[in-house]
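Protein chains in written order, with our numbering: chain V, 1233 to 1348; chain F, 2 to 114.
These are computed hints drawn from the structure, not numbers from a lab.
All C-beta atoms in this analysis are idealised placements derived from N, C-alpha and C, irrespective of residue type, glycine included.
Please note that the accuracy of each hint is not assured.
[Unchecked claim] A short, non-exhaustive set of chain F residues, derived as facing chain V with CB atoms under 7 Å:
#, residue
1, S31
2, Y34
3, Q45
4, M46
5, R64
6, N68
7, K71
8, F104
9, K106
10, G107
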Amino acid sequence: GAVVSQHPSWVICKSGTSVKIECRSLDFQATTMFWYRQFPKQSLMLMATSNEGSKATYEQGVEKDKFLINHASLTLSTLTVTSAHPEDSSFYICSAQVGSWGYEQYFGPGTRLTVT
Amino acid sequence: AQTVTQSQPEMSVQEAETVTLSCTYDTSESDYYLFWYKQPPSRQMILVIRQEAYKQQNATENRFSVNFQKAAKSFSLKISDSQLGDAAMYFCAYTGANSKLTFGKGITLSVRP
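Pulled out of the complex, with its shape left as it was, chain F reads as follows (with noise of 0.2 Å):
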């Protein structure tokens, strides 16, 4: 079974700045996706960035990018120029050919003007 561990249950970081989220997972499949999704407080998931295994190069969107270890099964989440609306809980997620999203415990991340 596919398991998704983000170890860290909560982050702060100051406006303006750079941070980090971290997420580890374990699979047997070789075809499969990774994904961050945010949850702000109306609890609406949305996702923010998306990648394929089978693509070497990390996904890109605007201000988020991540850094995908397929070895390491690695794949963590930077947020460039932190704003206040950024402040949220993350999860991240995994799925593969049974299409189920496997979902990481989350983190929540606090923005501090």
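Bound conformation, chain V alone (with noise of 0.2 Å):
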């Protein structure tokens, strides 16, 4: 089946430095990767979507200077958290979708991000 993986697992990070975050589809390619937030037992909120060769395209209330994605290749897409403060700790998951239709996504294992 469609593996997606996410790396790192988990990061810890000091306020005002930058993280990243990669997501790669290691079986298929993926035009399309999509970006999510998620907070301890609430659901997963849209952060923005991305395309391979173009710019992401950011959901209403994304500030996307603080959340810069890039998708580099048509298996990779990251997610750069800058200029990192205690309330973007989250738990950041990717998804990538198969083919033009968002109806086949696989999910990556997620990353949990903790900013002190």
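Join the two chains, each given in its own frame, into one complex according to the hints.
Shown next, in the form of structure tokens:
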């Protein structure tokens, strides 16, 4: 089956620093990837849609300059949290879409970000 | 905009019994997909079942089945012969033409031994 990996699985960083999270589709090509944020015991909130070779599309209310998304290849999308603050601490999940329709998406295992 | 509503935050079921999780949605699209995802304590999202709106037949996957009522915009999940490993958070989700997944708030299912 389709596998999506995320790295790192858990990262702790100091306030004011930047951290990069990678999302990879291991056995398929994904022209579209999605980034979600999830707080404990809450639902997934879509942050942005990442398309290979073009700029990411951010959801309303998501700061583009704080959450930089780069879809460098058909198997890799990265999310960089810039100048992180404690309120950015959360669980970040990516998903990769097979084909052009959203009915077949595979999720990564998520990354726990803790900002101290 | 599409919305997905899960009104029950928690449910509990006795092991080996059957439980039904409710979900309603709202959309103006005619072609779409509905999903139930399971998120165990590991937080890995696992697809439980998928239903295409155009298919009248309710989807089934082993012990999991759905009751899809298109006119009522209802999409409930039935778990038969509940097992301890079914304990998790369950999310109902929708996707349409824009490929974005819209999730409900989720429901925490506990299984009593």
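Here is what the structure says about each hint:
1. S31: Result: violated, 15 Å to nearest chain V Cβ.
2. Y34: Nearest chain V Cβ about 4 Å off; hint holds.
3. Q45: holds (5 Å)
4. M46: Holds. Min distance 4 Å.
5. R64: Since chain V brings no Cβ nearer than about 20 Å to R64 of chain F, farther than 7 Å, the hint is violated.
6. N68: Violated, because the Cβ-Cβ distance from N68 of chain F to chain V comes to roughly 20 Å (cut-off 7 Å).
7. K71: violated (16 Å)
8. F104: holds (5 Å)
9. K106: Interface hint status for K106 of chain F: holds (5 Å vs cutoff 7 Å).
10. G107: With Cβ-Cβ at 5 Å, under 7 Å, it holds.
When the structure is compared with the earlier hints, violations turn up for hints 1, 5, 6, 7 and for no others.
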